[in-house]
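Q: Protein sequences appear in the order of chains A and B. In terms of the working numbering, the first sequence opens at residue 9 and continues consecutively. In terms of the working numbering, the second sequence opens at residue 189 and continues consecutively.
Calculated directly from the structure, the hints in this document are not laboratory data. Take the hints with a grain of salt, since some may be wrong.
Covered by chain A, according to a simulated footprint, are these stretches of chain B (three or more residues, beta-carbon under 8 Å) [unchecked claim]:
1) 232 to 244
2) 262 to 271
3) 317 to 325
4) 338 to 346
5) 366 to 380
Note that this is a predicted model, so its numbers are computed, not measured. Built from N, CA and C at the ideal position, the CB exists for glycine as well.
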Amino acid sequence: MSTTAPTSTDSFWHSEAAIARRKKRHGADRRLQIFGITAITIAIGLLGILIVSLVSTGYQAFVQTEIALPVNVSSEEVSRDDPSKGDYRDLIRQALHAEFPDVGDSEFRQLEQMLTRNAQFIVRDRVVSNPSLVGQTTTFHIPMADPIDQLNKGVISAETPEDRRRVSNVQVELFDQMEQRGLVSTPFNWGLFFNADSRFPELAGLAGAIVGSFYALLVCFLISFPVGIAAAVYLEEFAPKNRLTDIIEVNINNLAAVPSVVFGLLGLAVFLNFFGLPRSAPLVGGMVLSLMTLPTMIIVTRASLKAVPPSIREGALGMGASKHQVITQHVLPLALPGILTGTILGLAQALGETAPLLLIGMNAFITSPPGGIMEPATALPTQIFIWADSPERGFVARTSAAILVLLGFLITMNMIAIFLRSRLERRW
Amino acid sequence: MSAVAVAANDKAFETVRTPDPEPRPIKIKASDVSVFYGEKQALFDVSIDIPERAVTAFIGPSGCGKSTFLRCFNRMNDTIDICRVTGEMLVSDANIYDPRLDVVELRARVGMVFQKPNPFPKSIWDNIAYGPKIHGLAKTKAEFDVIVEESLQKAGLWNEVKDRLHEPGTGLSGGQQQRLCIARAVAVSPEVILMDEPCSALDPIATAKVEELIDELRENYTIVIVTHSMQQAARVSQRTAFFHLGILVEEGPTNVLFTSPKEKRTQDYITGRFG
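Please model the complete structure; the sequences and the hints are all you need to start from.
A: Here it is in structure tokens:
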């Protein structure tokens, strides 16, 4: 190499053109980075807007206005032997009269309407579960009707002219009175989780939907997990690579892209109309959801099986392990973390799925949690759908609260998946 | 393809054979073995006798078919869908391509050690006990313990790992992992051990240990080793076969092949003129 060569390359690298070129390249790097940061910011921002709007409308549903009302469960009205019979409505009236003796007959109806309409049943259920209350005066915490609840939460303002709000002036006055006497409280609304659906927002809860979703997911898991793994193992490990398996593979991928409402129609036509399974049942919901989860499961499982290094298979085969031994003793255990992660993500997807459940009637109005997979139920997303459709003011907050609960479940499931993946992941 | 056929007729593939000055009984006898990957022929009419209780080395440039040939001995090529093997291969006078032969049994008799150490992601104990377990060679824990210790002794690993038999095999160093794989192969008492470039992922010290081990194992096992290193072939093997472009060019006692090869291609390769 000649001695002039370095100087000539030096001048090449330090020429204006070269410096400009380098600048341009660094500029491109920076731009790419800025694009990425912008994209992430937009995504997080949108998510933030969603959460903030849900929380700001939904937080009110997490508390419920209640009145502490002493009720004398007189043994004249209610028999000790059969406390389920008795005029509880009258008991409540008597209690209200006793508590608010100044209220005249014409205004009494308005006072009565300040309590939830199911107040009598709430008292009855408490007495039935504890018959020793008969003959005593007990203070019951009774949810107040939705308009009063909204008044307490400030959604309905006393300032608004009477004819433009759902609370009468008499009721506003009575409410102020109750507050002054310390009868009103706004505790955490456990009913949101432990009550089933109701026509009255103050009583409506998610218990039926949570249990229904649980059963549906259970059925979905029991179907799609074994079937998905078996199908994936066969396709990945046994099936010959030919036109037929190519077609199967393409169609599994197609199936994953089919809109879920189509699976709902299929479920309606096949499971309900042909096999005559019960409408609105979590069993059918789970079966329909598993149709949707299955392709995802197969794809995820195949990817996990593929990710097991061939050296492990070779090692086992070289030891004289038969095919099923290689699969069950080596490949599947190593693929399991990936499979589990995929399963949880698939189930999370199924949990949020609404359209197919609407078609098989899981959006029915059902006032008790299902006792099994054959009983009518709703699911979380369909419950949101039902509430979003209801006109009462209280359901607005409850819809947002239900969405928050659903998101809570989804985030929990995804976090479990991430935790499992990082915990069980193996490196070779 | 037709050019191949013509060449075959011309006997261009006739292997140059040098007789063994100290003849040993034959363990594996391959006759006219050809291997095809789909349409492509990877190995052309290879015939070779592998002597018992000796180390036979396959050398040759990358892609010459030596690994492919090695994998015919325990039918590992079966796992490749498009792979097809023709010709005859006898291990202890039994045709291993007989459709009635159980490949599971064959692989217990013909063990294999791979290029990259591939212990199972289980404990050292489980790694060794795996083969005996699936082949039903032992029943009680005590019997397994004996096999595990013996195998690790034979692989010269016992002293290094005896206190951590229940730790994962993947936690060992590369050289130890490879000796663990050898111990795993030895655990089912195979007749033949195939080694596919067993030292190519190891450092020189680990390589020396494995080579030493191969030399010891020769007393009890027939060993066939594929290697890229001619020095390694010269050090560990008694016989060497040189492959080139899917053809077995020349084979004979290692010292003869390395000092006075009969074929020019062999000469060129071992003197480093190509490959």
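Q: Which numbered hints are broken by the structure, listed smallest first?
A: 1, 4
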